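Undergrad: The residues making up each chain are set out below.
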Amino acid sequence: MNEVRPPDPTWQMKVYPIFTALGWILVIVSFTIGLFVLAPTAVDYWGRNAKSVRDAANVGSQLLADLGTLAVTPRWLVPLTFLGVASFMVGIALQFSTIPGILKNRGVVMSACFPLIVRYGK
Amino acid sequence: MTTQSAEFLFGIDRKKYIFTSLEGNSKKTPDTIERRPPYRINILGDRFRKKHVKQGFMEVQMQQLIGKMAKMFPMLILMGFMIVVTALIIGYVNSQNAAAYFAETKLVRETTLLAERASLESTGLWLPYFKFLGLGLILGGIVMALRVIIDNLKAAGEQVLANIPEGARPSPPKPPAYAPMMPMVMMSGWVIFIVALIVALGLAADARALSSNPLPEIDAAGSGTFLLGQLETIVSTSAWLVPLKFLGIATQFLAIVMGLSTIVYILTSQTELIQKGIQIARSSGDAGKRDEKENTKVTA
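Just so you know, the protein sequences line up as chains A and B, in that order.
Using the numbering used here, you'd call the opening residue of the first sequence number 9 and step up by one each time.
Using the numbering used here, you'd call the opening residue of the second sequence number 92 and step up by one each time.
If we strip away everything but chain B, and leave its shape as in the complex, we get (with noise of 0.2 Å):
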């Protein structure tokens, strides 16, 4: 906000401003501009500039903190690998109880073997979510193995120009928009994954339930009835699960294509920071050889 637009917005007469140094010591008595160094004018108080350094400083503290959770990349990484191993172990467990059923005839199957057709058709339902699941924990893992990347480069580029004194440094380039993004798209992939997790839980929990009646029982059910509503359930459900599935999938994928470009986009400005470098080396070490020079001459 301008000086000239908060006069307008709120009325104030200049000469009744509260001048308050940057430091936010304040002046009751106002002085002319032209004799005081130039201030910043409270407009608003001390609390509305307390509000946005806060803000600022808990974005700091956030991104510090994602930062610190990103170094965890090994384990969430073998978290994935470990849920998709057992996903292929209850798997297994399954194809066998499925060669079992099916080694029945038909009459057995649909009247007798109740429970064990309800452990199929449940676990068909939660098992494809759950390692769904694992492979979104190891692609998350990725995601915070380019964010430590992204903190290490920035880390050794700061290094870098420590070595310019302070008054000649290049100030390092704003980061891209999407770059603060990237965790928190990570993290929505996460929340797809659990949400479809527990819809397919509570799916299961409708099959089992289901196929604990007999299939006769099932084929006669007309429409209205308890049963032929949860068989509803279960397709309608699914019809929008699985595409949601994926679309989890392609959030996680979103979250590694934004490290990717910070990435590249750090190492060119990198190379254009460099090259500033080089040009303020090479000034000073010219002003430095002049400087000599005159002093060589001034002492002839």
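Bound conformation, chain A alone (with noise of 0.2 Å):
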């Protein structure tokens, strides 16, 4: 019972900077997409073409595809990035799931302390 003793490391404290990195990498992954792949193929199918232009694209023209990109990726990088949200917010909570064992430890600590502090204090 005299025995004071940090709380034990837990399984948490390992696995939420997993959580934390795979959060800030699915957004850095999204924003690079939408800078690099996605501004640029706007600028092409949008700043360069009437829209009678867009409307007779045809089967297998590059602005056909253009508009499949514009279409097609935002439709999976939203929901990849809220992805990266949640990781971020799973990694949040399980730093806090850790602090509730550590103040336990904190208790037993105390209790420990007292019976010295009542012998040794003035």
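Calculated directly from the structure, the hints in this document are not laboratory data.
Treat the numbers as computed from the prediction; the structure is a model and nothing was measured.
Be careful, since some hints might not be right.
One side only, chain A facing chain B, incomplete, derived with CB under 7 Å [unchecked claim]: (1) Ala29; (2) Ser38; (3) Val51; (4) Val117; (5) Ser119.
Listed next, the stretches of chain A that the computed footprint assigns to chain B, with coverage defined by at least 3 CB atoms under 8 Å from CB atoms of chain B [what the hints assert, rightly or not]: (6) 13-23; (7) 102-111.
We put the beta carbon where it would ideally sit given N, CA and C, even for glycine.
Using the hints, put the two chains back together into the complex; each one sits in its own frame.
TA: In structure tokens:
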């Protein structure tokens, strides 16, 4: 009972950096795809062709391929971004979950301290 | 820098050193090293040491200032919440405008209701970024609350350690390297949100100008025209602006992660320090008992 030890390292403290890194990677990837893929494709599609040209694009043409990219990519990119945000939140939740164990250990430590405080206190 | 490396670098003859005490009193006449207590040799002069002392002092001042600002976290959370509520009200008003706009026929919508269309398009462009600015302020308030918890934990630990005599007191552990970076990361997130909002306001102005033209005119705009250039700017900028606001959110979450890690580190370190404190208390208590025994033997 008089043995005072810090709390044992929990699995949450080893796992949460993985979720934090995963969240960061997913958000950076979605930003990079938005900046270097979607933005130039939008410039090519919208900026250089009138509506009549866009509407008349044939199957297999670059214009139709650009439209495909612009229509399809955000549909999985936005959920991927939210997955990154959710990963961050999971990492934060894992960190929070270690605090009750630390505070419980603090209770054990303080109950070991009090007899000594009484014995050696002035 | 060691004395030997300083000698090598500056080619200084030891006998010509100016020996200064730690308090900075300099003596022009060198003395033999064996007779004097060990003084710090001032190679680069007082200016070098003063610069580093000044830098450390400024860092401490900045951390103290951040600590004072952190206590304002309820205001940050309230401001963020008010921004989100304002965005909700504006969004509702915008939705009622959209209901009135789409109640008309296609011909009327695309040729006559230009002002309404301009308002709808421009509001739809800047409002999400205004909302995320509010979320960013709330998350920043949470980061500041974590900073208040960290400061209080450190103060409580110092208060407990103050009960141990100064000579026997264990030194508090060094904070982790990422701990002082927490406010900077949080502010970077805020900068990202503000930049995104400013760019979005610019885009909203472009959208208002574009939508003020009848839709058939916009559809007929050819390559190289001003109208098509505006459309290109709006769509291509939105492509990277949307993920940018999530990058801001991720930055705020990173600051929260840093804060929580620091709290866990402090709690764990304090337990180790309490352990050391108990050992000191036991050893001093046992030493006291031994002294008492010896005194009673002597008097006897």
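Undergrad: Would you say the region 13-23 of chain A counts as covered by chain B, given the rule of at least 3 residues with C-beta under 8 Å?
TA: holds (count 4)
Undergrad: Between the region 102-111 of chain A and chain B, see if three or more residues pass the 8 Å beta-carbon test, and mark the coverage as holds or violated.
TA: holds (count 6)
Undergrad: Checking hints one by one. Is alanine 29 of chain A an interface residue toward chain B, by the C-beta closer than 7 Å rule?
TA: violated (10 Å)
Undergrad: Under the criterion of a CB-CB separation shorter than 7 Å, is valine 51 of chain A in contact with chain B as hinted?
TA: This interface hint holds because 5 Å falls under the 7 Å limit.
Undergrad: Per the CB criterion, is serine 119 of chain A less than 7 Å away from chain B?
TA: Serine 119 of chain A check fails; min Cβ-Cβ to chain B is 12 Å, beyond 7 Å.
Undergrad: With a cut-off of 7 Å on the beta carbons, see whether valine 117 of chain A makes it to chain B.
TA: holds (5 Å)
Undergrad: Against chain B, is serine 38 of chain A within 7 Å by beta-carbon distance?
TA: The hint holds - serine 38 of chain A has a Cβ within 7 Å of chain B, the shortest such distance being about 5 Å.
Figure legend: structure checked against the earlier numbered hints; hints not met, in rising order: 1 and 5.
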